[in-house]
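Guided by the hints, dock chain P onto chain D, whose structure is given.
Protein chains in written order, with numbering that gives the first Met the number 0: chain D, 0 to 478; chain P, 0 to 274.
To be clear, the hints were calculated from the coordinates, so they are not data collected in a lab. Please read these numbers as outputs of a predicted model, since none were measured by experiment. All residues carry an ideal CB built from backbone N, CA and C; glycine is no exception. Please note: incorrect hints may appear among the correct ones.
Simulated crosslink set (DSSO-like; lysine-lysine; CA at most 27 Å straight-line) [claimed, not checked]: (1) P/177 - D/172; (2) D/346 - D/37; (3) D/172 - D/121; (4) D/37 - P/220; (5) D/403 - P/263; (6) D/346 - P/225; (7) P/225 - P/177; (8) D/346 - P/177; (9) D/121 - D/286; (10) D/403 - P/177.
Some chain D residues judged to face chain P by a derived CB distance under 7 Å, without partners named [as the list claims (entries may be wrong)]: (11) 53; (12) 58; (13) 61; (14) 102; (15) 289.
Spelled out from the first residue to the last, the chains are:
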Amino acid sequence: MSAARYDVAVIGSGAGGAVQAYALARRGLSVVVIERGKREDPTTFAHDEAVQFPRLYKHGGLQTTVDRNLVIAQGATVGGSTVINNAIWLRADLDYVLPRWEQAGARVERSDLETAYATLEKWLHVEPLPPRRANHGTDPFINGARALGLEAGLLDHNRNTCIACGWCNYGCKYNRKTSALVTFIPWAEQRGARILDRCLEARILTRGDRATGVRFVREGRVEEVEAERVVVAAGAIGSSAVLLQSGIALDGRVGEGFHAFAGVHVTAEFADPLDSFDGIGLCAYVKPGLSEEYVLENYFSPPGVFSLVVGGWFTDHFERMLRYRYFAQAGVQVPTVPSGRIRLGRKGDVQIRFSLSAHELEVIRQGIKALGEIFFAGGAIRVLPATYGRIEFARREELDLLGKLCPGPDDLSLGSAHPQGGNLMHADPRRGVVGLDHKVKGFQNLFVSDSSVFPVNIRANCQATVMAMSLRASEYVAR
Amino acid sequence: MNRTMRRYGPTLADGLLGHACGFGALLAAATLFAALFFRLAGTGRLGAVLIALGTAAFAALLTAAVGVRQNGALIDLGAAMALLAGIGCAVRFALAPAVAPAIFGALLLLLGVVLFWLYGATLRVRYHPRFLTARQLATMIQVADAVIEGDGRETVSPIQVAINADHLLAQMNSPATKDLRVLMVLIEYLLPLLTLGRPLPFGLLGSHERRRAIERTIGRKGMFRKVARSLKLLSMIGYYGDPETAASTGYIPFEERVLDQEQKNQTPLRHPEPV
Numbered sequence: 000m001s002a003a004r005y006d007v008a009v010i011g012s013g014a015g016g017a018v019q020a021y022a023l024a025r026r027g028l029s030v031v032v033i034e035r036g037k038r039e040d041p042t043t044f045a046h047d048e049a050v051q052f053p054r055l056y057k058h059g060g061l062q063t064t065v066d067r068n069l070v071i072a073q074g075a076t077v078g079g080s081t082v083i084n085n086a087i088w089l090r091a092d093l094d095y096v097l098p099r100w101e102q103a104g105a106r107v108e109r110s111d112l113e114t115a116y117a118t119l120e121k122w123l124h125v126e127p128l129p130p131r132r133a134n135h136g137t138d139p140f141i142n143g144a145r146a147l148g149l150e151a152g153l154l155d156h157n158r159n160t161c162i163a164c165g166w167c168n169y170g171c172k173y174n175r176k177t178s179a180l181v182t183f184i185p186w187a188e189q190r191g192a193r194i195l196d197r198c199l200e201a202r203i204l205t206r207g208d209r210a211t212g213v214r215f216v217r218e219g220r221v222e223e224v225e226a227e228r229v230v231v232a233a234g235a236i237g238s239s240a241v242l243l244q245s246g247i248a249l250d251g252r253v254g255e256g257f258h259a260f261a262g263v264h265v266t267a268e269f270a271d272p273l274d275s276f277d278g279i280g281l282c283a284y285v286k287p288g289l290s291e292e293y294v295l296e297n298y299f300s301p302p303g304v305f306s307l308v309v310g311g312w313f314t315d316h317f318e319r320m321l322r323y324r325y326f327a328q329a330g331v332q333v334p335t336v337p338s339g340r341i342r343l344g345r346k347g348d349v350q351i352r353f354s355l356s357a358h359e360l361e362v363i364r365q366g367i368k369a370l371g372e373i374f375f376a377g378g379a380i381r382v383l384p385a386t387y388g389r390i391e392f393a394r395r396e397e398l399d400l401l402g403k404l405c406p407g408p409d410d411l412s413l414g415s416a417h418p419q420g421g422n423l424m425h426a427d428p429r430r431g432v433v434g435l436d437h438k439v440k441g442f443q444n445l446f447v448s449d450s451s452v453f454p455v456n457i458r459a460n461c462q463a464t465v466m467a468m469s470l471r472a473s474e475y476v477a478r
Numbered sequence: 000m001n002r003t004m005r006r007y008g009p010t011l012a013d014g015l016l017g018h019a020c021g022f023g024a025l026l027a028a029a030t031l032f033a034a035l036f037f038r039l040a041g042t043g044r045l046g047a048v049l050i051a052l053g054t055a056a057f058a059a060l061l062t063a064a065v066g067v068r069q070n071g072a073l074i075d076l077g078a079a080m081a082l083l084a085g086i087g088c089a090v091r092f093a094l095a096p097a098v099a100p101a102i103f104g105a106l107l108l109l110l111g112v113v114l115f116w117l118y119g120a121t122l123r124v125r126y127h128p129r130f131l132t133a134r135q136l137a138t139m140i141q142v143a144d145a146v147i148e149g150d151g152r153e154t155v156s157p158i159q160v161a162i163n164a165d166h167l168l169a170q171m172n173s174p175a176t177k178d179l180r181v182l183m184v185l186i187e188y189l190l191p192l193l194t195l196g197r198p199l200p201f202g203l204l205g206s207h208e209r210r211r212a213i214e215r216t217i218g219r220k221g222m223f224r225k226v227a228r229s230l231k232l233l234s235m236i237g238y239y240g241d242p243e244t245a246a247s248t249g250y251i252p253f254e255e256r257v258l259d260q261e262q263k264n265q266t267p268l269r270h271p272e273p274v
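Bound-form chain D, shown alone (with noise of 0.2 Å):
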């Protein structure tokens, strides 16, 4: 078997692969990106929740933590978890993030970050959201939270002359959204580089302190690349696994961690039909201060994924649904300190453990409440959190009552579409994973560039920081 030869070869093709991949390609470098996930044509993509999930989600939108309490999506397929998302570009906040970087021992330029941000934000047409895009339920939700006295407003995305059909989550069939799919691995392409999918197995085949290639089945054939350097870039959890796959654990270190923006919806009910469905899902934000724990952004979902975050059972679930056109929807999200752990199991299966802790918990219910005053601010008649059994809250004063009815973890649905950490980056050459300029500790070259490598985490949807770090990491490994 003679492997293929090329400068870099970049696992995963998501927001850390797919831009690592142009990046590099546009040096002139010889690149090929191993996909996991399936090459899909976006002019095929149904608006079709039980159709789209199984072909863009990783383990079908079903990848959850060891005790089943959080959900984690993720996308699997060329152009990872860009497909799948909500095209907000939400810069981090550096005022927030930077210093506690830094105070864990990962101090990264802010003007590194912000040349990167402003490149890619020219590259991927970001614009503020128009506000006749929004869905319906973000009015209420704006001006519920500007009558609290809060900073709410439309928030960025990368979409170019959207046309608001509401099913960004499954792929967006029309290519509004510039998503990694339909605008860095084409780039890519047109610059000489490769993109194989549907790469099962995949592991780092090392000599030494030096990585040589990549080996992995495809189409029921193994199959090997050689690379002078090799990028990580499969995501949070997809990249600690690979590592790990390949026997490097540094220690135990490999997998370490691992942390989430995580959180719950929040659905309000309104006297009048609102038809949230019509329009950008995701659109608002409530910007949280400098000290603030959670973020508070307003969503909306068609009616699968809806049916799965209002509480309730039986008749009283049927006669909530009948109610879909009078909801608008939000979610509070928590920052998570990186306690969790990637781990393979006896039959090299992943293992993401992870729980929220108590505090957490206290500041998801937090924001929770703070949600509802916003709704009932907004007009809203009936707050109903995404919980495990029914419960509703028809006054602001009853809100308080949550910690009582919500315990615990299980008391609700919790998940996280930003997933982060377990290659913690760490200046220390004998502490976290990668360095500073992204190689794996005790490689020459070997890289990790997606949001794994992020040692506190950074209070915001991903996508933009991930772009940014991996823009940045390009550098390094073109060196």
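For chain P alone, coordinates are given in the frame of chain D:
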């Protein structure tokens, strides 16, 4: 996902199953008769057990055959009783070889196997499950029937909900799907015992009792909650993920909304490389 299969009428396998149940009931009756009057299994405990099994098999299969309450669990129960009665005859034959127990034993064992296979075949032929086994699909239908409760306003049948869930699971590449298979088996054979104290299969319970079993599952903590969450997940995504149901909630597909000029242009954009 193939959404074209929407008719679930009786098939040839259903007819065969009905006849097999009728024949099974007759055979069980004959076994019972022989055990009572011709000491098929001799006297003592073995005889009593055989009489009890024959009676149970007869009752279950007769009920299934005449359609008073023909359902999978009842047929499974009748088949299981027939198998056990067949084993009883075989034991009798091993203790004291004779022609009658050998013939009855062989026939009962054959009947049990045929009934099990035939019932599975009817489900497979009718619903074409892609991920769950035929019996697991039958359990999922019962679960959907209990969980989706709209007092007659449901737009999609529990059968379609179960099939939607099955087809979805078939396309998923997730370790969790295997757990869901096991879950269906546990629900069928353990849930009624654990929640209602009744050692019967879930499918044999009445619809009211099935709902009660799920209510009690929801009300408990620990593993029961995870079971309840899984049942909700499968039922909801099977029901509300169906386009027919989506319309019943008031959801309007994008193409049918009032669109402005910009929205009417749905040509996929190309994004040229930035220079």
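Hint check:
Between the alpha carbons of residue 177 of chain P and residue 172 of chain D the distance comes to roughly 31 Å, so the proposed pair goes past 27 Å and is violated. The straight-line distance between the Cα atoms of residue 346 of chain D and residue 37 of chain D is roughly 24 Å, inside the 27 Å bound, and the hint therefore holds. As the CA atoms of residue 172 of chain D and residue 121 of chain D are separated by approximately 23 Å, the hinted pair is consistent with the 27 Å bound. With a C-alpha separation of about 39 Å, the suggested pairing of residue 37 of chain D with residue 220 of chain P is violated against the 27 Å cut-off.
Simply put, residue 403 of chain D and residue 263 of chain P have alpha-carbon atoms about 49 Å apart, too far for the 27 Å limit, and the pair is violated. Only pairs whose Cα atoms come within 27 Å are accepted, and residue 346 of chain D paired with residue 225 of chain P is accepted, the gap being roughly 23 Å. Between residue 225 of chain P and residue 177 of chain P the alpha-carbon distance is near 15 Å, which keeps this suggested pair within the 27 Å criterion. For the given pair, residue 346 of chain D sits about 14 Å from residue 177 of chain P by alpha-carbon distance, which is consistent with the 27 Å threshold.
Proposed proximity of residue 121 of chain D and residue 286 of chain D is supported: the alpha carbons are some 23 Å apart, at most 27 Å. For the suggested pair residue 403 of chain D and residue 177 of chain P, the alpha carbons sit about 35 Å apart, so the restraint of at most 27 Å is broken. Annotation: interface hint on residue 53 of chain D holds; nearest CB of chain P at approximately 4 Å, less than 7 Å. Checking residue 58 of chain D against chain P: minimum C-beta separation of about 3 Å stays under 7 Å; hint holds.
Hint status for residue 61 of chain D: holds, given a least beta-carbon distance of 4 Å to chain P, under 7 Å. At its closest, the beta carbon of residue 102 of chain D sits 36 Å from a beta carbon of chain P; the interface hint therefore is violated under the 7 Å criterion. At its closest, the beta carbon of residue 289 of chain D sits 34 Å from a beta carbon of chain P; the interface hint therefore is violated under the 7 Å criterion.
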